[in-house]
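Asker: Sequence:
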Amino acid sequence: MKRLAGSIKVHPSVLQQWIKQYNAVGEKRYRRYPLDYKLDVINYMDRQGTYIRETGAIFNIPSYGTVRRWKEAYDLKGVDSLHEKKRGRPTMKNTNTIEKLRSTFCLRLI
Numbered sequence: 001m002k003r004l005a006g007s008i009k010v011h012p013s014v015l016q017q018w019i020k021q022y023n024a025v026g027e028k029r030y031r032r033y034p035l036d037y038k039l040d041v042i043n044y045m046d047r048q049g050t051y052i053r054e055t056g057a058i059f060n061i062p063s064y065g066t067v068r069r070w071k072e073a074y075d076l077k078g079v080d081s082l083h084e085k086k087r088g089r090p091t092m093k094n095t096n097t098i099e100k101l102r103s104t105f106c107l108r109l110i
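The numbering of the sequence shown is full-length UniProt numbering, which starts it at 1 and goes up by one.
Calculated directly from the structure, the hints in this document are not laboratory data.
Among these hints, one or two may not hold up.
Label-pair distances were calculated between CB atoms; the ranges are [said to hold, decoys possible]: (1) Q48 / T97: 26 to 36 Å; (2) T50 / G6: 16 to 26 Å; (3) V10 / E72: 23 to 33 Å; (4) N96 / N60: 40 to 50 Å; (5) N96 / E72: 22 to 32 Å; (6) H11 / T50: 19 to 29 Å.
The beta-carbon is built from N, C-alpha and C at its ideal position, and this holds for glycine as well.
With the hints as extra help, turn the sequences into a complete structure.
Answerer: Next comes the structure, spelled out in structure tokens:
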């Protein structure tokens, strides 16, 4: 274990944690969690007094960092901070608006 941890330049306890997590949850990819689920996780942690890693394991959340981010966001900004945020590039404006701008710009050049 020490040799493997040394070869990937992590502490043996970190490697052990990765192995435990993999054995508990498996190879899950990124997924989105509904607001109600996030609130259930946070409320459970508050009521039961469980640690972040423990709570993540109980709810089968692959990364305890996910639970930590939810908890921090909830503590700082409340429920609104747990809503899914739009990602990616913003949509373009209406093509009619773009065409009007082009024609206006072209008329000014003439």
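Asker: Hints first: check each against the structure and report whether it holds.
Answerer: Status of the hints after comparison with the structure:
1. The beta-carbon spacing between Q48 and T97, approximately 53 Å, falls outside the hinted interval of 26 to 36 Å.
2. Range check, T50 to G6: Cβ separation about 32 Å, and the 16 to 26 Å hint is violated.
3. Taking the beta carbon of each, V10 and E72 are about 24 Å apart, inside 23 to 33 Å as hinted.
4. Taking 40 to 50 Å as the suggested C-beta distance range, the pair N96 and N60 conforms, at roughly 48 Å.
5. Taking 22 to 32 Å as the suggested C-beta distance range, the pair N96 and E72 does not conform, at roughly 43 Å.
6. For the hinted restraint 19 to 29 Å between H11 and T50, the CB-CB distance of approximately 24 Å keeps it satisfied.
When each numbered hint is compared with the structure, violations occur for hints 1, 2, 5.
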